[in-house]
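Residue numbers (our numbering), protein chains in the order written: chain D, 1 to 392; chain H, 1 to 160.
These aren't lab readings, by the way, just hints derived from the structure by calculation. Please read all numbers here as calculations on a predicted model, not as lab measurements. It is possible that part of the hints are untrue.
[Unchecked claim] Across the chosen pairs, the derived CB separations fall in these ranges:
hint: 1; chain 1: D; residue 1: Ser15; chain 2: H; residue 2: Ser148; range: 35 to 41 Å
hint: 2; chain 1: D; residue 1: Glu87; chain 2: H; residue 2: Ser148; range: 48 to 54 Å
hint: 3; chain 1: D; residue 1: Arg212; chain 2: H; residue 2: Lys149; range: 34 to 40 Å
hint: 4; chain 1: H; residue 1: Gln11; chain 2: D; residue 2: Lys13; range: 39 to 45 Å
hint: 5; chain 1: D; residue 1: Gly57; chain 2: H; residue 2: Lys141; range: 27 to 33 Å
hint: 6; chain 1: D; residue 1: Lys162; chain 2: H; residue 2: Gly25; range: 44 to 50 Å
hint: 7; chain 1: D; residue 1: Ser15; chain 2: H; residue 2: Gln11; range: 20 to 26 Å
In this text, a Cβ means the ideal position worked out from N, Cα and C, and glycines have one as well.
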Amino acid sequence: MRNPLSDEVVKIKPSGIRKFFDIVAVMKDAISLGVGEPDFDTPWHIRDEGIYSLEKGKTFYTSNSGLKELREEICIYTKRKYGVSYEWDKEVIITVGGSEAIDIGLRAMLNPGDEVLIPQPSYVSYEPCTVLAGGKPVIIDLKAENEFRLTAKELLDVITDKTKVLILPFPNNPTGAIMEEKDLIEIAKVCVEKDIFVMSDEIYAELTYKGRHVSIASLPGMKERTILINGFSKAFAMTGWRLGYACGPSEIIAQMTKIHQFCIMCAPTTSQYAAIEALKNGDEDVEKMRQSYDQRRRFLLNAFKEMGLECFEPFGAFYVFPCIKEFGMTSDEFATRFLEEEKVAAVPGTAFGDSGEGYLRISYAYSLDRLKLAMERMARFVNKLREEKAEK
Amino acid sequence: MREKILSVIEQNARIDIKELAVILGMEEIDVANELKAMEEEGVICGYHTMIDWDKTSIDKVSALIEVRVTPQRGQGFDTIAERIYQYPEVSAVYLISGGFDLLVSIEGKSLKEVSLFVSDKLSTLETVLSTATHFILKKYKDHGIVLSKKKTDERESFMP
Numbered sequence: 001m002r003n004p005l006s007d008e009v010v011k012i013k014p015s016g017i018r019k020f021f022d023i024v025a026v027m028k029d030a031i032s033l034g035v036g037e038p039d040f041d042t043p044w045h046i047r048d049e050g051i052y053s054l055e056k057g058k059t060f061y062t063s064n065s066g067l068k069e070l071r072e073e074i075c076i077y078t079k080r081k082y083g084v085s086y087e088w089d090k091e092v093i094i095t096v097g098g099s100e101a102i103d104i105g106l107r108a109m110l111n112p113g114d115e116v117l118i119p120q121p122s123y124v125s126y127e128p129c130t131v132l133a134g135g136k137p138v139i140i141d142l143k144a145e146n147e148f149r150l151t152a153k154e155l156l157d158v159i160t161d162k163t164k165v166l167i168l169p170f171p172n173n174p175t176g177a178i179m180e181e182k183d184l185i186e187i188a189k190v191c192v193e194k195d196i197f198v199m200s201d202e203i204y205a206e207l208t209y210k211g212r213h214v215s216i217a218s219l220p221g222m223k224e225r226t227i228l229i230n231g232f233s234k235a236f237a238m239t240g241w242r243l244g245y246a247c248g249p250s251e252i253i254a255q256m257t258k259i260h261q262f263c264i265m266c267a268p269t270t271s272q273y274a275a276i277e278a279l280k281n282g283d284e285d286v287e288k289m290r291q292s293y294d295q296r297r298r299f300l301l302n303a304f305k306e307m308g309l310e311c312f313e314p315f316g317a318f319y320v321f322p323c324i325k326e327f328g329m330t331s332d333e334f335a336t337r338f339l340e341e342e343k344v345a346a347v348p349g350t351a352f353g354d355s356g357e358g359y360l361r362i363s364y365a366y367s368l369d370r371l372k373l374a375m376e377r378m379a380r381f382v383n384k385l386r387e388e389k390a391e392k
Numbered sequence: 001m002r003e004k005i006l007s008v009i010e011q012n013a014r015i016d017i018k019e020l021a022v023i024l025g026m027e028e029i030d031v032a033n034e035l036k037a038m039e040e041e042g043v044i045c046g047y048h049t050m051i052d053w054d055k056t057s058i059d060k061v062s063a064l065i066e067v068r069v070t071p072q073r074g075q076g077f078d079t080i081a082e083r084i085y086q087y088p089e090v091s092a093v094y095l096i097s098g099g100f101d102l103l104v105s106i107e108g109k110s111l112k113e114v115s116l117f118v119s120d121k122l123s124t125l126e127t128v129l130s131t132a133t134h135f136i137l138k139k140y141k142d143h144g145i146v147l148s149k150k151k152t153d154e155r156e157s158f159m160p
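All chains, full assembly: derive it from the sequences and hints.
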């Protein structure tokens, strides 16, 4: 029989966290700090609208780009929150989560050999999606001394004639880093000057704990060269509904819609009705959840401080990214021992790129009680490692 | 600042001051002073424990009683409400709008005890015109907390 597989797909590395998954699956009373989704249920009024749409028999396909009313609400939302105006009928597409938007956005924009700049540590899909779209990933290693923000210099250093798209993943998973307006202005200047497009993944925009989130699309000269990606999963605790969207120049959105039409048809109808309610009446829920996350964030930072563990203060998403270099082991070794010896599961920084080496991603999408228990175990573990090191 | 403190301790009265200060990003001394001030001003009226008595061996019966009364000249409903809330059996008294005037919440050891309280004490008050007693058969949710069901975390334990 012939080889049934695509070489390109086979070459893609599977996610590095599979092994941890297998260990934790058979472990009793392990505490996981490894999830990437909110611990809150979707607010009831949003779920209720989804249910109501089903009761009314709204069970058909929507148009390929999504319900008109939802796209209109998204335009109101981006204007109100970030000061960016889009036309609902030409510049917005509803997707199956932000993930689909990343995939079809890159496929719509890349020609073979086009280079895509991917700052890392960052979410795991940018690199494989770039490869599958025929592009060439060029990694920018973000640095702890810059609080894992992207600087104009780092950007300029890797730009070539082939550079087409910059992925801008802020607020960032896994580091929790944000880009403030002053940081974005510098990046925007380079993008305009060098004629580079930006794919700005702002899925965690609502979870910002220092000032208001600024979208790069709102800066002068940027709207026409930015694909803004957002969704409902993180802000409204709607991960399972699988709903996201992309806003951008109509010529790009039109091509994305073509791919979406052939491989997805349309995003789930029930989720779209629920999402309209989320945008119309969800502000208060978002704020409540944001405050809870913020409290947990402070709790964890304080816990690390008490342990004497180095950690920059992250102002976004729901992750902290403490440094574990002092123990002289890799992130993978640390995470494995932490899980085996203290039954606490955290994701090694290297799961998000080589530059995550020496760091650990800890999610605070957990109740304070849970986090408290986990930090007691972490303090014990850290002390043990320090004693081991002292004996050597 | 007060609102932030209250929103946390409303959910968890047992949180210690140090931790409260950490999660709110405040100084411990400021939090302590604010708590003390709110206790003195009567903003914070007490700290209670939510108990699902059904899970204990202690028998408790509670009832909600609608009471219609004749309001008194110059005092409205205050005097009669005051008469009613003095009884230790009464856990809450509310003046409400609608078809009756006061809603009285009562706790006792048995149906008989509660019934006797209504017939002997409550109905016999001179301004009380009528009462209707509703025994609580099951508490599903109380003070914003769903009783009986404990939620488990069904999320995948690792997710990038």
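Right, here's what the structure says about each hint:
1. Ser15/D with Ser148/H: 35 to 41 Å: Because 39 Å falls inside the window, the suggested range holds.
2. Glu87/D with Ser148/H: 48 to 54 Å: Because 51 Å falls inside the window, the suggested range holds.
3. Arg212/D with Lys149/H: 34 to 40 Å: At 38 Å between Cβs, range holds.
4. Gln11/H with Lys13/D: 39 to 45 Å: 43 Å, holds
5. Gly57/D with Lys141/H: 27 to 33 Å: Given range 27 to 33 Å: holds, Cβ gap about 31 Å.
6. Lys162/D with Gly25/H: 44 to 50 Å: At roughly 46 Å between Cβ atoms, Gly25/H and Lys162/D fall inside 44 to 50 Å, so the hint holds.
7. Ser15/D with Gln11/H: 20 to 26 Å: 36 Å, violated
In this structure, the one hint that does not hold is number 7.
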